[in-house]
Amino acid sequence: MESTILRTENFNAFFGTSHVLKNVNLAIPRKKISAVMGPSGCGKSTFIRCINRMHEFIENATSTGIIFLDGENIFKFNPTMLRRRVGMVFQQPNPFNTMSIYKNVISGYTLNGYKLSKTEKDEIVETSLKHAALWDEVKDNLHKKGTFLSGGQQQRLCIARSLAMKPEIILLDEPTSALDPISTSKIEELLLVLKNEYTIIIVTHNMQQAARISDYTAFFYLGELTEWDETKTVFTNPKNEKTSNYITGRFG
Amino acid sequence: MNYSTSSFFRESRNLFFKVLVIIFTIITLFPLIAILFYIFKEGISAINWHFLTHMPKPVGETGGGILNAIIGSVFIIVVAALIAVPIGVSVGLFFSDSNSQSKLYRVSHLAVDVLQGIPSIVIGIIIYLWFVKPFGKFSAVSGSIALAFMMLPSIIKSTEETLKRVPHSLKEASLALGVPYYKTMIRVIVPTGLSGILNGVILGIARVAGETAPLLFTAFGNPFLNFSIFKPMASLPLIIFNYAISPYDDWHQLAWGASFILVMIILFLNILTKLAERKWKVRF
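Each protein sequence line maps, in turn, to chains A and B. Residues 3 to 254 (this note's numbering) are what the first sequence spells out, left to right. Residues 33 to 316 (this note's numbering) are what the second sequence spells out, left to right.
Just so you know, not all the hints are guaranteed correct.
[Claimed, not checked] Over the 12 Å line for every Cβ pair with chain A, so calculated as not near, a few chain B residues:
(1) Leu136
(2) Glu204
(3) Ala205
(4) Thr224
(5) Asn254
(6) Ile297
(7) Trp312
[Unchecked claim] If you want the footprint, here are the derived chain A segments under chain B, 3+ residues with CB under 8 Å:
(8) 33 to 46
(9) 88 to 98
(10) 107 to 115
FYI, nobody ran anything at the bench for these hints, they're computed from the structure. Every residue gets a Cβ at the ideal spot worked out from N, C-alpha and C, and that includes glycine.
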């Protein structure tokens, strides 16, 4: 396997007394797309929310075990520093509705109080929007509110916003489940390009999507990691019965 | 069963209630219009440039204006807003973001509800005991403090209600960018709810602009022009009160004029609220 960027070690997560992630051991390869799949309530969203420590914001949420980012324990990081290295895109497009497109892209810097010159800002906005394949559609309207865009464009704006911080990993929590098929395919194409520079972890409900774009697939069932392998292997020759049942549509 | 009769009864009952509702609406509207009309009729004759730009004259002399009261009201209210807005918005922010089961939330929420119900004269007396008696003098700032207390509930409630409606996803978006929690609240959540917060602030100001009782023992009133908030100061409600209970007809006329100005200010603030709401309304 290629070099590992993120590794979990006996990782458990809890909401109060309910045990939502059970002893997860997993090594995510660098600059690949890893899909996280499983039926509802299996802990997939919780898993990626632990990677950038958003899990901690929920009351009574706790975790045990260690996650290493480039060999460093993320629980020893300042969480805000960690989140600058690990970006996140959510299920519902959530651009800041008080800000223009331009300000949305640069918001990771402005909200954190970085001082940038006008040219630096312009450059970051342009490259981020180009990376998110949104530049051509919005370059003439950069100072309009981001909420005037379509849902798919808003989602790409959110991707651009997290790319602007130059993260090492991008977490996507069912990024296309609120979008139409055309917007979905645009985002999928985009992710295939982005994996040349970023490590991508995507939670998805959609098996075809996982099969289409991911290099590796993790399958969670009731909080346990039942399968983790190359996507091809998971889909053609799953080792675990539950995975094969899910993939063949017997439950889920 | 005869359907046509039952339908006749149903429809007539329907009509009866409809008419009843409209009549009651008109009945409530009527006093408001009557009051506005009366104040307008009595007050407009007192209004002229002289009235707005001159000081009150001593008893016996004709003419005179209410310049000191207008300036005093503006001073007292601005200082009250400067005190109440930061506190009120902070408390509203805390309420909107805290677990509604927590003890602090429940106790302080109840306290705000009770504060809203405290009669203004009682607040005046309390502030007198806390801020006037210890310093041994009446002052505009003690009046501002009393009014600030009265504004707080409206600001807190509107801030809380507005911020509760800001989608959780925006907070997550900001946190996921590595923005610290306090900055997320101040720079993302509050600006998103700005229209509702402003609405509460302006309505709070409109509510206290006409308060007389809390100012009686605090700002006290002052027949002279005064720009120091640490000295007694005139204000519109106080001047109306003093002129209205006086035995002189021309002072009554001045009281009508001052009432007219006060009502206009409040009307203006209400219109301003609507405009602010439209201007800063955020699409979700």
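Against the structure, the hints:
| no. | hint | result |
| --- | --- | --- |
| 1 | Leu136 | 14 Å, holds |
| 2 | Glu204 | 6 Å, violated |
| 3 | Ala205 | 4 Å, violated |
| 4 | Thr224 | 5 Å, violated |
| 5 | Asn254 | 43 Å, holds |
| 6 | Ile297 | 30 Å, holds |
| 7 | Trp312 | 9 Å, violated |
| 8 | 33 to 46 | violated (count 0) |
| 9 | 88 to 98 | holds (count 7) |
| 10 | 107 to 115 | holds (count 5) |
Comparing the model with each earlier hint shows violations of hints 2, 3, 4, 7, 8; every other hint is respected.
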